[in-house]
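Q: Residue strings, one per chain:
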Amino acid sequence: MGEQVSQIWPIAAYFLTLVIMLVAMMILSHVLGTKAKLPAKNLPYESGVISVNANKTRFTSHFFLYAVFFVIFDLETIFLFAWVIAFKESGWPGFIEASVFIFILLAALLYLYRVGALSLTRRHLSIKADTIQINHTEKER
Amino acid sequence: MHDTWLKLFEISIILGLLIPSAAMLVWVERRLIGIWQDRLGPNRVGPFGILQSFADLIKILGKEDWVPPFSDKLVFIVAPVIGAVCVLMSFAVIPFSPNIGVADLNIGLLFFLAMASLAVYSVVLAGWASNSKYALLGGMRAAAQTVSYEVFMGLSLMGVVLLSGSFNLREIVLSQQSGWFIQTQFVGFIVFFIAGIAESHRLPFDLPEAETELTAGFHTEYSGLKFALFFLGEYLGVMLISCMSVVLFFGGWLMPEPLASWLPAIVWYLLKVSVLVMVFILLRTSLPRPRFDQLLLFGWKYMLPLALVNLLVTAVLALTEVI
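Just so you know, the protein sequences line up as chains D and Z, in that order. Under the numbering used here, the first residue of the first sequence carries the number 1, and numbering increases by one thereafter. Under the numbering used here, the first residue of the second sequence carries the number 1, and numbering increases by one thereafter.
Errors might be hidden in some of the hints.
[Claimed, not checked] Label-pair restraints from in silico Cβ distances:
1. 43/D - 291/Z: 29 to 39 Å
2. 35/Z - 9/D: 41 to 51 Å
3. 290/Z - 60/D: 16 to 26 Å
4. 117/D - 321/Z: 35 to 45 Å
5. 35/Z - 49/D: 37 to 47 Å
6. 267/Z - 49/D: 45 to 55 Å
To be clear, the hints were calculated from the coordinates, so they are not data collected in a lab. All values derive from a computational prediction rather than experimental measurement. Using N, Cα and C, we set each Cβ at its ideal position, and we do this for glycine too.
Work the whole structure out from these sequences, hints included.
A: Now the structure itself:
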């Protein structure tokens, strides 16, 4: 218990000092800063064009699948950390089990790559999707 | 009690030196890029322009503390603070020399990884809270990029943990006395360094703030001190990745014997860090920016398998006692 406290209290003190310092800087700049009133100041910047629907804009998230893969592969990292720290104790049996685990994930990665789940550009070709489909079936024949 | 005050003094010294050195790094970078691109760079304020960053800092304090009326105000103000806090907190576990360092944490490496992951919140929240199209695009890119490069950042460090058998950064340094880990973990270092560049949003991986296409990306709407905090966070990120690389792969403060006695340990450590920082700057001057989907695919297709294979090979070599 004593050792844990001696490890953690400097971090807590460091964190407090840090937050106080940053907040003080923010307040200082708030006090020292000028306050200008200009007509175009309060518009979102869009390279000179007057913004349309500024806070209703939504973009398609092409990156959604990456987020899903991230959850899978980052969990893998956590399991592997547990193996790596006990590496000397687990020896060859541990290595074989871990490598089975790693190879399953490598195979999963290869599969994801082969079905095209990792490529962002595929999604933009939806207009051509029909022609691709036709070519595909022709090849099969 | 005496020790407690000494520790508090040490903490304030470390904090008090980190922020000015990040400001100096801005000057160093601008000067070096100037030299490499055959132009002058900042050379007016003080000898060799050395006071340029401090002049900028004073000027920035006098700028308006502007919160856009169309933004999500609370999140807008908090986002840059989160970024700066996360990066600065990571420095708490770094051992600068045998007895300098804020905390000697048993899970130091995991703490660093956790803070590096939390730092993305600042970018994503800033992009979201700005309610501006460029900012939103930048924030989304930052999320995708971090999610892709986070995965193998942890994996690339596992070889080091495997060889040293500890998450404690001080013990990792001490286990390199017979030879730095760069000898056996070269692939791991390369993968970690690439992930680090992506995490700190530096060129060639600065897609979230790519100025040629997104103006300034996630911090388009930021100005004054809040912008300076993002800027500070980026440069501290460069220093952080360099510090961690030295601790994990280049033997921290250790040097081979005849050299070690010439200079104090902390000086050797800082010398190694500055060499790596220069590599960061050199990369920025020499490499173009890739397309965004190429960047993501590169991470998943090459870096992730490479990190996994590196771990397996290291494990086999360690079990057969080759290394």
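Q: Look at each hint and say if it fits the structure.
A: Against the structure, the hints:
{"no.": "1", "hint": "43/D - 291/Z: 29 to 39 Å", "verdict": "holds (30 Å)"}
{"no.": "2", "hint": "35/Z - 9/D: 41 to 51 Å", "verdict": "holds (45 Å)"}
{"no.": "3", "hint": "290/Z - 60/D: 16 to 26 Å", "verdict": "holds (21 Å)"}
{"no.": "4", "hint": "117/D - 321/Z: 35 to 45 Å", "verdict": "holds (40 Å)"}
{"no.": "5", "hint": "35/Z - 49/D: 37 to 47 Å", "verdict": "holds (39 Å)"}
{"no.": "6", "hint": "267/Z - 49/D: 45 to 55 Å", "verdict": "holds (53 Å)"}
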